[in-house]
Every structure is written in C-alpha cells, then in structure tokens.
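Colleague: Residue numbers (the working numbering), protein chains in the order written: chain A, 1 to 369; chain B, 1 to 369; chain C, 1 to 390; chain D, 1 to 390.
Rather than coming from a laboratory, the hints here were simulated on the basis of the structure. The structure presented is a predicted model; accordingly, all values stated were derived computationally and were not measured. A few of these clues could be false.
BS3-like, lysine-lysine: derived pairs with alpha carbons at most 25 angstroms apart [unchecked claim]: (1) K35(A) / K194(D); (2) K110(A) / K156(A); (3) K35(B) / K192(C); (4) K330(A) / K129(D); (5) K26(C) / K330(B); (6) K35(B) / K288(C); (7) K192(C) / K26(C); (8) K330(A) / K330(B); (9) K129(D) / K279(B); (10) K279(A) / K110(B).
The lines below spell out each chain.
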Amino acid sequence: MISFGPTEEQELVRDTVREFAKNEMREIARPCDEKRELPSDFLQKSWELGLVAGAIPESFGGGGIGRSPVTNALVLEELGCGDVPLAAAALAPGLFVAPLLDFGTDEQKKSLLPLFVGSSFHAATLALLEPTFSFEVSSLRTVAEPKGSGFSLSGKKRLVPLASTASHLLVVARGARDGVAGLEAFIVPRDAKGLAIAPEAERTLGFQCLPRFSVELDRVEVPASARLGGDRGIDGARLLAMLRTASAALGLGLARGVYELALPYARERVAFGQPIAQKQAIAFMLAEMQVELNSLRHLVWKAASLLEHGVDASRAATLAHVYATREVMKIADNGLQIFGGHGYIREYPVEMWYRNARALTVNESVAAL
Amino acid sequence: MISFGPTEEQELVRDTVREFAKNEMREIARPCDEKRELPSDFLQKSWELGLVAGAIPESFGGGGIGRSPVTNALVLEELGCGDVPLAAAALAPGLFVAPLLDFGTDEQKKSLLPLFVGSSFHAATLALLEPTFSFEVSSLRTVAEPKGSGFSLSGKKRLVPLASTASHLLVVARGARDGVAGLEAFIVPRDAKGLAIAPEAERTLGFQCLPRFSVELDRVEVPASARLGGDRGIDGARLLAMLRTASAALGLGLARGVYELALPYARERVAFGQPIAQKQAIAFMLAEMQVELNSLRHLVWKAASLLEHGVDASRAATLAHVYATREVMKIADNGLQIFGGHGYIREYPVEMWYRNARALTVNESVAAL
Amino acid sequence: MIDLTLSEKDEQILATVREEALVCRKYARYYDDHEEEFAPDTLPEAKDFKNPFALLMKRDELDSSMGVMSMLVTAGQTWGDYTVRMRRGTGGLGNAALRASGTPEQQSRWGGKTLAMAITEPGCGSDSKAVQTTAVLSGDEWVLNGEKIFVTTGCRAEGVVVWATIDKSAGRAGIKSFIVMKGTPGFEVTHKEKKLGIRADDTAAYVFRDCRIPRDHLLGGDESIPKEGAGGFKGVMKTFNMTRPAVAAIGLGIAQAALDFTRDALAAEGVEVDWNAGVHGRSAVQQKLIEIEADIEAAMLCVLHASWLSGESKSNNLEASISKAKGGEIARTATQRCIELCGSLGISLDHLLEKWFRDCRITDIYEGTGQIQRLIIARDILGYSAAELS
Amino acid sequence: MIDLTLSEKDEQILATVREEALVCRKYARYYDDHEEEFAPDTLPEAKDFKNPFALLMKRDELDSSMGVMSMLVTAGQTWGDYTVRMRRGTGGLGNAALRASGTPEQQSRWGGKTLAMAITEPGCGSDSKAVQTTAVLSGDEWVLNGEKIFVTTGCRAEGVVVWATIDKSAGRAGIKSFIVMKGTPGFEVTHKEKKLGIRADDTAAYVFRDCRIPRDHLLGGDESIPKEGAGGFKGVMKTFNMTRPAVAAIGLGIAQAALDFTRDALAAEGVEVDWNAGVHGRSAVQQKLIEIEADIEAAMLCVLHASWLSGESKSNNLEASISKAKGGEIARTATQRCIELCGSLGISLDHLLEKWFRDCRITDIYEGTGQIQRLIIARDILGYSAAELS
C-alpha cells in the first residue's frame with residue numbers, strides 16, 4: 001500500500017535523532033573537522049541512543065525493536081543532516097551488527113551480539129573497499145580460499161572505519177562464484193594473525209574526524225565458523241542493496257543540511273539592493289534543491305520499504321544510490337555557490353559539507369547500514 | 001597557430017551560403033516538412049552553389065578550390081541554420097564525393113568524379129547505418145567477403161539519403177580486420193544485382209522532406225576495382241572523424257537557428273507585465289545557449305583544423321560529436337520551452353527544429369561530410 | 001506507516017489497465033497520422049475487457065488510496081496512448097474544477113458531462129491572472145466576451161469551465177470560473193490546433209461574443225470580490241493542486257512507455273542492466289538506462305506523494321507543483337534520452353518511440369510551465385509573495 | 001585563417017612550462033598542509049631550468065599570439081600548482097588594472113611592483129558597484145576609509161589597486177581606483193583567510209583608516225564624474241575583460257591536471273577511451289572521461305577565443321564573460337566528476353586530486369560569480385541595461 005506517513009513510533013525516533021543531530025553533532029562538527037579528531041565522549045553519547053543495540057533481539061539482551069530499514073532510513077537522514085562523518089563513526093558498529101543479524105547463524109549471533117548490548121560503546125566494523133581506482137564490488141580482489149576446515153583470506157582493504165579499535169572486522173571477499181552472488185563475509189578478530197592495520201588513519205577529503213584505516217590481510221586463517229551465515233553464506237545482493245540505500249539516506253540528510261544552510265542565507269544576504277533569494281537564478285536553485293530532496297527521499301523510502309518487505313531491492317537501491325551520487329553533489333555545489341565568497345572560507349560551514357558530499361558519494365562508499 | 005579569424009575567401013563563401021539559407025531554405029522548410037516532400041528545383045539551386053563540384057580538382061573538371069574541412073565547417077553551420085534536412089539533401093552527393101577525393105585511386109577518381117562537375121544535380125550517396133538498436137560503427141554487420149577477384153557484399157543498410165535516385169552508393173562494410181580500422185567502402189551502382197532499395201522512403205521523426213531508404217544487399221558482387229582506395233583501402237578512422245565533425249557542424253547551425261528564433265521571441269513575448277526575456281530564468285537560458293554555441297563552434301573548428309592539417313582528428317571529432325549530441329538537443333529543447341504553448345503548435349517553426357535536432361544527433365547520424 | 005509498494009489488489013488493477021493500454025496502443029499510430037479524426041469513445045475490443053474502474057471502487061485497508069491509484073491508472077493508460085481509450089470516461093479538466101469548487105447543485109447537474117477547461121488566452125501563457133475575457137452581469141445573466149486558446153478536449157467536450165474576470169480593476173481577485181455548455185449562442189469553437197504531438201487529442205480555440213449564460217452558472221456561486229489579494233483566485237487555483245499531479249502522471253506514463261520500449265529493444269540485442277554492478281561494471285548505455293529509470297521513478301513518486309497528501313486532506317500546494325515541475329522535466333528528457341539510446345531506429349515511424357517523444361513534450365508546458373512551477377515552489381519555501389519574487 | 005592547432009614553437013614553450021609545473025607540483029601538498037607559510041619566490045630547482053617567458057618574447061608569424069600563449073602558459077602553470085612557481089613573476093591582478101587604465105607615468109612607476117586588487121567588501125559580493133569605501137580629496141591628498149576582503153595575494157603584494165567611491169550619490173560613476181603601497185599610514189592588513197582550497201595562496205582583508213595618499217595615485221588620473229551611467233565604472237570594468245579569461249585559465253589548468261591524473265590512473269588499470277567507438281562501444285566511465293575532456297577543451301577554447309580577440313584589438317566583453325562562465329562551471333564539475341571516477345582513491349590525500357577539487361572551486365566565485373557572468377552575457381545578447389535585466 002502506497003503511504004508516505006511515518007508511524008508515531010517512527011516520528012518519535014526521528015525527532016529524538018533530529019534533536020541529537022542538532023545539539024550533539026552540528027556544534028562539534030567543525031572543530032572535529034579542523035582537528036581531524038573524534039571526541040571520545042561523542043561515541044558514548046551516540047551509543048546511548050540505542051541505534052545499534054535497539055535492533056538486537058531481546059533474546060540476546062537487545063532492545064528488540066527489530067530491524068526496520070524504513071526507520072533506519074529516517075534515522076540516517078537525520079544523522080546525515082547533523083554531520084555525516086560523525087554519523088558514520090557512531091554507526092560503524094552497525095556495519096558489523098546489521099549483516100550479523102540478517103545473515104548470521106544462531107551460533108554467530110549467540111557468541112557476538114552480546115558484545116553490543118552493553119551500556120558502553122563497542123567498536124566493530126566492515127572492510128569492503130579496496131585500493132583500486134576502478135574498484136568494482138562485483139569483482140573484489142580480496143579472496144577467500146578454503147584452507148583445511150576453514151579459510152585463508154588475502155587482500156588489501158581501505159577506509160575501514162574504526163578498524164584500530166574494533167574488536168572484530170567483517171571482511172568482504174570474493175568466494176567461489178563470480179559477481180555479487182559470490183560475495184562472502186568473514187568475521188575476523190582484530191588481532192588475527194596476518195591481519196595488519198595501518199598505524200596511521202588514512203587522510204581524506206572530508207570525513208576528517210572519522211578514523212578510517214588501510215587493512216592488509218596476508219593469508220589470514222579463519223575457522224569455518226567465521227564464515228558469516230555458515231554454509232549458507234550471505235546474500236551479497238541484499239548486503240549491497242542495504243549499503244547503497246543507507247549511503248543514499250545519509251546523502252539525503254547531508255543535502256538537506258546544505259539546503260537548510262543556504263535558504264536562510266539567501267534570504268538574508270543582500271546584493272544589488274535586495275536579498276539574493278529574490279533573484280530567480282538563486283530562487284530557482286533553491287526550488288530545484290527542494291524538488292531533488294523530495295525525489296531522493298522518495299527513492300530512498302522505496303528501496304527501504306522493499307528491504308523491509310524482505311523482497312529483492314537491488315534495483316530500487318541502485319536507483320536511489322545513483323540518484324544520490326548525482327544530486328547530493330549538485331546540491332552541495334549549488335549551496336556553496338549561493339554563499340559566494342563566504343562559501344569558500346572555513347569561517348562558514350558550507351565548504352565542509354561540500355567536501356563531505358564528495359567523499360560520501362564516491363562509488364560504494366561504506367558509511368552506514 | 002591559434003587563430004579564430006576566417007580568411008576573406010572563407011567569409012565570402014560563408015556569407016553566400018548564409019544568404020542561400022535565408023532565402024532558399026528557411027522559407028520552404030516548413031511546407032517541405034508538412035508535405036514530406038523535396039522540391040525538385042531546390043536540389044538544382046543548391047547544386048549551383050558549387051559546394052560539391054567546387055572541391056573537385058580542375059584536372060577532373062571541378063572548381064579546384066580543394067577540400068577544406070574548415071571552410072566545410074563554416075558552410076555546414078550556415079546550411080544547418082537554414083534547414084538541416086534540406087541541407088542533408090543538397091549534400092548527399094558529397095557523402096560519395098568526399099571519400100572518393102580523400103581515399104579513391106586515380107582510376108576511381110577519373111571514372112567517377114566527372115559525373116559531379118556538370119551543371120545539373122547528380123545524386124550519389126553513402127550507406128552506413130544498419131537496422132540495429134545498438135548500432136555500433138566499430139562492429140558493422142554488413143560484410144564484404146572476397147569472391148573471385150572481387151568481393152561479395154551482404155547486409156542491411158538504412159536511412160540512405162537519395163538512394164532511389166543515386167547513380168552510385170558508397171557502401172561501408174566490415175572487412176578482414178576488426179573495429180574501425182577494418183572498415184571498407186565499396187562503390188556500388190544502384191542497379192547492381194542483389195542490391196534492393198525499399199520502394200518507399202523511410203518515415204522518421206524530423207528530416208521529413210529528405211528521402212532516405214532502406215537498402216538490402218544480398219551477395220552483391222563487385223569487382224576489386226570497386227573497393228575504395230584499391231589495395232590500400234580507406235582510413236576508417238578519418239572517415240568517421242569527418243562524419244562526426246560534419247554532423248556536429250550541422251548541429252551547431254541547427255542550434256544557432258533555434259537561438260535566433262528564441263531570442264527575439266523572448267524579447268517580444270510579454271507575460272506578467274514584462275517581456276519574458278527580462279526574467280532571469282529565461283535570460284539565463286538564452287545566455288547558456290550563447291555560451292554553448294560558442295563552445296560547440298570551437299570544438300567543431302578544432303576538429304576541422306586537425307583534419308585540415310591532415311593529422312589524426314579522431315579525438316577532436318569525437319569530442320565535438322559528443323558535445324553536439326548533448327548540447328544541440330538541449331538548446332532545441334529550451335528554445336521550444338521559451339515559446340511555451342506556441343512552441344508546441346505547428347503554426348510556429350520551433351517544434352520542427354526540435355524534431356530535426358533529435359533526428360540529427362542520434363548516434364553516428366549520416367547527414368553530411 | 002511508510003510503504004511505497006503496491007498491494008496485490010493494486011497490482012491486479014494496474015495489470016488490467018496495462019492490458020487495455022496494449023489494445024489502445026494498436027490505434028496510436030493511426031490517430032497520430034489522421035489528426036483530423038477523433039478516436040472512438042469505445043473501442044470494438046471493449047466488450048472483451050471488464051472496466052478497471054469497477055475494481056477501483058472497493059478498496060481494502062491494505063490497498064492504496066483512490067487518489068494514489070487514480071494517478072497510477074492515469075499513467076497506466078497513457079503508457080498505452082495519450083488519447084485512445086478502451087472506454088472514454090466522461091470528464092475533462094473542467095470536471096476537476098467542478099469537483100473542487102462547484103456547489104452541490106452544480107456538481108449533480110454537470111458532474112456527468114465532459115467539461116473542458118478554458119484558461120489560456122492569445123495574450124497570456126502561464127500568466128493566468130492576466131485573463132482578458134470578461135463576464136458582465138446583465139439582469140439575471142452573465143454576458144461573456146473574449147477568446148481562449150489551447151483548450152484541451154475543447155472540440156469534443158459537452159461544456160467548458162471558462163475563466164473570466166468580473167472586475168478587471170480587482171486583478172486576480174476578480175477572476176471567476178463559469179460553466180458554459182456547447183450550443184449556447186455566442187459560444188463558438190473556432191479551430192483544432194495542429195501540434196507537435198498528442199495529435200489525436202483535440203486542442204481547440206474558443207470565441208465568446210456576447211455569450212449569455214444564467215447567473216447560477218458561476219462556479220461555486222460566490223459573486224463577491226474578496227478585499228485583499230487572490231481570495232477568489234486562490235479558489236480557482238485549488239483546481240491546479242488536483243490537475244498538476246494528474247498532468248505529470250499523464251506525461252510520466254508516456255515516458256515509462258518509452259523507457260520500457262528502449263529497455264526491451266536493447267535487451268533483445270543483449271544490452272541489459274546489471275543492478276548489482278557499480279559504475280565501473282556498467283556500459284555507457286546501461287548507466288543511461290539506470291539514470292532514466294531513476295528519474296522517472298523519482299518523478300512518479302513525487303506525483304503519488306502529492307496525491308497521497310490530498311487523500312489525507314493535507315495541503316499539497318507545494319508538492320503538486322513539485323510533481324509537475326519534476327514530471328514535466330523528466331517527460332522531456334527521458335524520451336529524448338531513450339531515442340538517443342535507440343539510435344537511428346529510435347526516430348523511425350515504424351515504432352511509437354518517436355511519437356512518445358512528441359507527445360511527452362507538452363507535459364512541461366500546459367497547466368503551468370516548469371518555470372511557473374519553480375516560481376511557485378520558490379515562493380512557497382522562501383515565504384515570498386508574488387511581488388517579492390516575480 | 002581559422003586554426004586551432006599550435007605551432008612547434010608554441011609546443012616547445014608549453015613543454016618547458018610543463019617541466020617546471022611538474023617540479024612545482026612536488027611542493028603542492030606541503031603548502032596545502034602548511035597554509036600559514038608562503039611558497040618561496042624562487043624554487044631551489046630554478047637554476048636547472050631556463051625561464052619559459054624568455055622564449056615567449058620572440059614570436060614568429062606562424063606562432064600563436066602573446067595573449068593566447070599567456071593563457072596557455074597560465075593554465076600550464078596551474079596544472080602544476082595553483083600557487084607554487086619556479087620563479088614567482090611580479091605582478092598580481094592589480095597590475096592588470098594598472099596596464100588597462102594607468103597613465104604612462106603610473107605604469108612606469110608601479111609596473112614593476114606586485115599589486116593586489118581590492119574590490120570586494122564585507123557588505124558586497126559580486127556587486128562591485130555597491131562599494132562603500134570612500135576616497136575624499138583633502139588638499140593634495142586622497143583620504144581613504146573602508147574595509148576590503150578576499151584580496152588575492154593581499155599579504156605579499158607590495159601595493160594594491162583599491163576601488164573607492166569619490167561620490168556615493170553618483171553610484172557606479174563615482175567609483176575610482178587608487179594605488180596604495182604597503183606601509184602607507186592607515187593601511188592595515190588584518191588577516192589571511194582560511195579557505196577550502198588555494199591555501200598556499202594568500203587572501204587578505206584590508207582596513208583603511210584615514211589613509212592618505214598623494215592625489216596622483218588615482219588610477220588613470222581622471223577625477224571627473226561622467227554624467228550618465230557608468231562612464232568611469234566602465235573604465236574600471238575594462239580590467240575584467242583581461243582578468244576573466246585569465247582566471248578561467250587558472251581554473252582550467254587545474255581541471256586539466258585532474259583529468260590527466262584520472263585518465264592515467266584508470267589507464268594503468270586497463271580503462272582507456274577508444275576514440276573511434278560510438279556510444280554503444282563505450283563503458284560508463286569512458287563516456288564520462290570523454291565528456292569531461294570535451295567540457296574542458298570547450299572551456300579552454302573559449303578562453304583562447306577571448307584572449308585572441310583582445311590581441312586583434314577587437315571587443316571581447318561578451319567573450320570574456322563567456323570564458324569565465326564556462327570555465328568556472330567546468331572547473332567545478334570536471335574535478336567533481338574526476339573524483340567520482342577514481343572512487344575512494346580519489347578522495348585520498350595520498351594524491352593531489354582532492355586538492356585540485358578544492359582549489360578549483362574558487363574559479364566560479366571570484367572575479368564575478370557564474371551568475372554575474374550570465375547576467376552580463378544575457379544583457380549583452382539581449383541589448384538590455386542593468387535596469388532592464390537585474
């Protein structure tokens with residue numbers, strides 16, 4: 001049934017997160033960016049929102065709200081509207097927990113989920129991206145070869161969030177079959193033999209406060225039980241669909257944040273004797289932003305509701321992701337343009353959003369799930 | 001040496017053709033389009049401009065001005081600004097003559113060029129396009145197989161201009177080698193055995209007055225002497241570069257024609273109490289058109305001057321062609337939009353330009369050389 | 001709850017619409033070629049199909065709302081053809097106005113008739129408040145004088161809702177709508193326009209010369225002229241919040257037809273989208289197919305959003321204009337891109353793609369151009385009056 | 001004759017520029033990281049290279065003109081880095097103004113100094129005629145009061161050409177340019193802005209408090225205020241016809257660097273453009289590479305066109321704005337697209353691509369935003385005054 005109305009519960013969650021984004025993220029975003037530093041207490045504060053633990057069934061000590069990709073999309077938009085790198089930091093454990101919930105065997109859940117139901121932040125993460133310019137998720141270079149009763153993992157990963165503090169990494173590798181259908185995920189403890197995490201976080205355009213690391217796997221041996229989903233393995237297409245939907249939702253929030261900066265500025269900024277918002281060139285830019293924000297939100301919700309129904313969402317997720325890649329950058333770009341010279345100096349926030357917009361929307365960015 | 005200044009001779013030619021376009025093409029374009037009919041005297045009038053014969057060396061009875069891709073680009077812009085389908089009709093013989101001049105053996109030139117130096121229009125044409133949706137020039141389906149001392153040609157061609165009246169068709173086929181390097185061209189008389197021209201011209205969006213035909217080749221046998229360039233064959237990449245540059249130049253003219261219709265209309269049309277051109281939304285559309293017209297013209301001239309220097313122009317021609325494909329359609333589209341409701345009715349010319357713009361810029365359109 | 005999927009029943013209805021559309025499509029080329037003719041009100045095949053609207057009547061809790069479904073049905077029908085219908089439903093754009101602003105008496109009296117909507121005049125395009133047609137009260141009759149153009153279904157409609165001013169000095173506030181039935185003395189249908197597309201459709205021009213209609217033919221019955229601003233005009237504008245999403249849906253149904261045709265034609269030649277591949281795993285054509293599909297889906301969801309809101313009796317002025325702005329833009333560019341992907345076969349009259357390209361182009365022009373929509377959107381989000389942002 | 005190819009000599013000069021640029025590039029990351037420092041006026045490597053400008057002096061008949069070459073050299077230098085130079089030539093944007101409007105005496109007196117250009121004020125962006133800084137004649141001195149921001153090379157310049165009004169009531173006509181050298185009492189350089197990009201560059205803010213300069217420091221020497229419109233102002237605007245193409249060239253050199261890096265990086269992984277293939281023979285990435293290359297080449301040719309015209313002493317007001325509008329837009333979008341094609345490696349600080357993305361973004365902002373350029377273009381082609389189209 002076509003409906004655009006969130007449930008009361010969803011509205012409550014959304015408003016709570018919106019408040020958090022306003023009070024706990026917007027303020028610190030700029031200093032975090034300039035210092036390239038993640039405040040220790042932020043992760044804990046975000047943890048207390050229960051975003052990660054909430055989805056874990058009560059049987060494992062979680063909130064038992066259950067996974068709702070739609071609610072997730074609402075939350076991600078709000079967090080993205082606060083600050084994307086901070087959001088990505090807060091959500092890093094989710095990159096590990098969400099696939100565990102969706103694809104993990106009971107044993108895997110029993111042994112690992114309890115780590116994430118405590119009152120203090122627990123870091124875990126996902127390792128997907130690889131150091132190639134023509135990175136293509138359907139043909140990963142990190143391989144998992146059968147070794148004895150288990151597997152041997154070899155390859156290079158990069159931009160793995162919180163890798164240096166994570167207890168476990170979920171390493172995505174190519175298995176026996178080709179393409180996305182052949183994707184496998186392995187639960188690897190940080191101290192596994194042969195797994196090397198770069199001593200220094202990678203420096204990137206935007207996302208400056210989020211510690212992301214290069215990770216090298218040199219014949220890392222893991223038992224059969226480390227293969228997520230056991231003999232069943234994972235549904236690679238669904239994992240990808242979730243990643244794409246999530247990063248589109250974050251992008252939506254980022255774009256909305258830029259819009260919310262640009263609109264009041266355009267109304268206040270006077271040039272040639274009147275507010276620049278009274279010029280069609282600027283007014284139409286803002287109208288275009290509003291149109292594209294609605295359009296992108298609809299595409300994200302479409303993908304999310306398919307995921308929620310448990311049906312194939314690859315098409316919808318790819319549409320949302322492609323759309324976000326195009327429009328989020330454009331909105332951030334035009335937002336900066338509306339600020340003119342002020343858009344280019346770091347006294348004003350918009351240039352930071354411009355950098356984060358580009359960093360978020362490069363192909364298959366892994367920021368949230 | 002970078003110079004944007006045409007020679008006096010080029011200015012003379014350009015102005016002559018501009019006059020012709022204004023007096024002999026603009027007026028009749030609409031009735032020709034509505035009647036789907038090419039006035040018999042138009043071809044003769046255009047012939048008298050000497051566009052085809054002029055390039056033929058005096059030794060063959062031609063004007064002996066010589067081939068100048070740059071002058072050609074100037075001429076094509078003016079003709080395109082008159083009416084593209086009429087221009088394409090007038091230039092159809094050039095599709096046969098130009099490759100003959102560039103790639104033909106002395107024997108081929110001796111035997112065929114004299115046909116085109118007479119005082120009355122002589123039809124000949126080029127057959128390149130094929131009936132596939134994913135048509136790709138680098139992998140044609142029309143094949144030329146060695147047969148005895150000559151070749152046997154088989155395949156389907158479409159949208160061959162003036163095929164029903166042409167004395168000869170230059171049939172492009174894939175030879176021994178793959179890709180564009182393997183392209184071959186064969187001189188085939190219209191009455192050749194196994195060559196069938198559809199009784200009715202194809203009906204298409206736009207180009208309604210230009211008779212273009214489907215042509216089927218069923219094991220058409222031609223002697224070795226029919227292979228353009230003899231044992232050397234042709235330079236497929238150069239032929240392609242010339243085609244792309246020429247259609248970009250025609251597109252430039254078409255786009256300029258739309259701009260020249262839209263600008264005065266926007267200045268005269270009053271809405272909400274003032275000329276719509278005084279609204280930034282419309283004024284900026286026109287400014288954008290001016291920017292892209294200049295940009296496209298520069299790219300066309302760049303490709304043309306490389307062709308004139310006889311060096312590899314594939315890159316430059318493809319840039320001009322890709323640019324034209326994108327911008328010509330956009331300019332025609334915005335031009336129509338400026339006319340509003342009047343843009344949609346056939347009382348006004350712009351809808352015809354919109355159709356021709358789309359018909360011209362579909363991939364590897366063969367309209368002129 | 002947020003859900004952008006369809007119920008089984010929704011799907012069934014749209015499947016039926018699709019069946020009918022495929023039949024209508026058979027007639028599309030003929031009526032494009034014979035623009036002086038009108039498509040029949042009922043196709044010979046009609047007897048073999050049950051009317052999908054019958055199914056629409058009973059909606060369960062888990063089905064999509066009438067408003068939402070009517071948009072999907074509209075798009076489903078134009079997916080077949082812009083004009084040709086299995087059974088032509090009565091009702092034109094004027095009926096939407098009647099439903100929005102008519103008195104109960106007026107609704108019951110004219111609801112069953114097909115009413116066109118006459119707004120545009122030779123002198124004004126989207127500038128609807130510049131209406132020059134006058135209505136003067138003389139005794140118990142209104143006397144109408146003026147010209148109207150671009151009247152959709154103007155030849156075949158049984159009557160028309162026409163905009164006229166009862167007091168030019170009052171500007172927009174003086175504009176009222178009147179119902180005039182065909183055959184009224186002084187009401188003349190002049191000619192059918194020849195157009196780029198939607199040729200089977202009739203687009204008429206009207207002339208009113210001392211055309212007298214009873215006093216109660218004023219839509220809504222309110223003869224007063226509100227003091228400030230656009231009181232009465234706003235009432236008139238309400239209509240647009242219903243018609244704008246519908247007009248967008250009409251165009252997007254055609255755009256979807258163009259995309260489906262292109263996708264199938266290319267798939268038959270081995271060019272297909274892999275939904276899992278990333279940008280480095282796609283061909284240029286696959287990338288374009290994905291972007292066109294994303295654009296059309298986004299635009300259609302904007303339409304559904306606007307209609308869902310009105311179904312929830314929430315204001316949708318902004319969303320109606322968003323759906324029209326986005327729908328109009330995509331109707332233009334989607335069909336343009338589809339032809340490009342089909343190359344020289346895309347422009348052939350052997351296929352309907354080129355017709356859809358022509359038909360679609362109207363979407364961004366009538367019922368307020370894309371520029372007008374963006375102006376409305378900008379004023380709304382900036383809280384500007386027409387004076388502050390013109 | 002029309003020819004858009006380079007002579008052998010042209011090529012040689014640009015090859016030398018390229019060599020220097022590659023050296024400068026080695027320092028690019030350091031000065032981006034240390035924005036409080038200034039790059040040296042001369043690099044240690046300078047002794048190993050001969051100055052390309054020496055070669056530029058002797059032009060043959062078949063070589064491109066000085067004006068055209070200076071644009072290509074400018075783009076060739078920023079291809080290496082926005083700020084770092086093998087040898088910093090004296091001269092800033094203010095020197096262009098001096099050349100355009102200075103008296104012979106002024107030219108010879110200050111031509112050798114590096115002069116910044118101070119136009120923008122806290123209250124006005126591209127609205128250059130809204131200048132609030134005043135210059136009042138007292139005795140034989142001008143007394144300047146006001147604030148300026150976004151002064152490019154404002155910290156290191158030896159002096160500045162500053163816009164001030166000698167009569168606010170006269171509007172644009174009252175605006176004149178004055179030359180003020182560093183160290184003049186009342187002329188204070190306040191701070192260096194922290195920016196998104198071009199961090200090695202200095203962008204200063206100035207304050208003038210009762211700053212007294214000799215009467216002959218008025219650029220051009222003409223103290224009269226033309227009756228109608230923008231007489232004096234036009235003179236001032238002349239400068240822009242020289243600086244706008246240059247500013248576009250600066251951005252396009254960086255955009256070209258981004259494209260070259262992207263092309264090479266992808267080629268190393270087997271992704272290369274086939275110039276003969278049609279759209280159905282290209283991958284999505286190849287298609288994007290082609291479009292970026294077409295955009296950059298088109299924009300650069302617009303720059304060369306504008307400079308060629310001024311070399312032929314033809315008017316280039318329209319073409320200067322076209323080159324800036326197009327150049328600014330492409331500088332934005334080309335670098336954005338290049339990063340997209342390079343994926344997650346495109347945002348890594350291990351490469352300069354992300355820096356070019358930041359540096360490039362200024363192009364569409366300073367020296368008149370893209371919106372201002374389009375306004376100028378529209379007025380020009382429509383023959384509208386600033387009042388008719390604002």
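Colleague: Hints first: check each against the structure and report whether it holds.
Modeller: For each hint, the structure was consulted:
1. K35(A) / K194(D): Holds: K35(A) and K194(D) sit about 14 angstroms apart, inside 25 angstroms.
2. K110(A) / K156(A): Violated - the C-alpha atoms of K156(A) and K110(A) are around 29 angstroms apart, more than 25 angstroms.
3. K35(B) / K192(C): holds (19 angstroms)
4. K330(A) / K129(D): violated (30 angstroms)
5. K26(C) / K330(B): violated (31 angstroms)
6. K35(B) / K288(C): Distance ~35 angstroms between K35(B) and K288(C) Cα, so the pair is violated.
7. K192(C) / K26(C): Holds, at roughly 24 angstroms.
8. K330(A) / K330(B): holds (19 angstroms)
9. K129(D) / K279(B): Holds - the C-alpha atoms of K279(B) and K129(D) are around 22 angstroms apart, at most 25 angstroms.
10. K279(A) / K110(B): violated (66 angstroms)
In the structure shown, a violation is registered for the earlier hints numbered 2, 4, 5, 6, 10, in ascending order.
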